[in-house]
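K.L.:
Sequence:
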Amino acid sequence: MHHIKKYANRKLYDSTDKKYISMDRLSELIKLGEDIVIIDNETGKDLTASIVSSLIARTKGETKEQISSGVLIQLFRKGGSVLTDYTKKYVSLWQKSFTLAEDEIDVLVKKLVRNKEISKSEGSRLKKEIIGFTKSMKTWISDTIDKRISEVLDVMNLASKDHVADLNIRIDLLEEKLKAFERLQKRKNREKI
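Just so you know, the sequence shown maps onto residues 5 to 197 in my numbering.
Be aware that a few hints might be false.
[As the list claims (entries may be wrong)] 25 angstroms max Cα-Cα, derived BS3-like pairs, lysine-lysine: (1) K9 x K35; (2) K9 x K49; (3) K151 x K183; (4) K100 x K151.
What the hints contain is simulated information worked out from the structure, not anything from laboratory work. Since the structure is predicted, the reported quantities are computational estimates derived from the model, not experimental observations.
Work out the full structure, taking the sequences as your base and the hints as a guide.
P.N.:
See the structure below:
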């Protein structure tokens, strides 16, 4: 992992390689798949998302593959909910595709059996094998999407649904403790009177 310090004069220092780097070099590191963390040298604040966003904006005209402005604006406005909605639609699309494929496989196998090109047992075996493959693909796609979403949420520093649920539980516990403390204070105040 490259730990990069950003100084007030806007220079970037790679603590890992022990040298100053340019934005172009930083861009290369990211494209090579290197993990990076960019910290403000004075405040210690994590600037990674901000700097990477500026790199994306800077390189927008240089590449054919670009994130549309609409996607970036939606991510900025709505945070993780846009990402979650997109993922749900994407997963739903894949699930529908596999369901249609399984239905088509069923029709084709029945046709092969009906035309006596394969036996019933061969048809059953073929269908199980293909459907087993599609189930494996569904699992792989789902796991891959979950992993990518987790990575994006980490990079964007957004809370996941589990994090929010955990925070809500903690807030509820703190509210209960605060109410108990307030009741105790009221009792103590009454006793003084």
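K.L.:
Between K9 and K35, is the straight-line Cα distance small enough, at 25 angstroms or below?
P.N.:
holds, 19 angstroms
K.L.:
Would you mind confirming whether the straight-line C-alpha gap from K100 to K151 stays at or under 25 angstroms?
P.N.:
holds, 21 angstroms
K.L.:
Would the hint linking K151 and K183 be met if the CA-CA limit is 25 angstroms?
P.N.:
violated, 40 angstroms
K.L.:
Given the hint that K9 pairs with K49, test it: the Cα-Cα distance must not exceed 25 angstroms.
P.N.:
holds, 10 angstroms
In this structure, only the earlier hint numbered 3 is contradicted, and the remaining ones agree with it.
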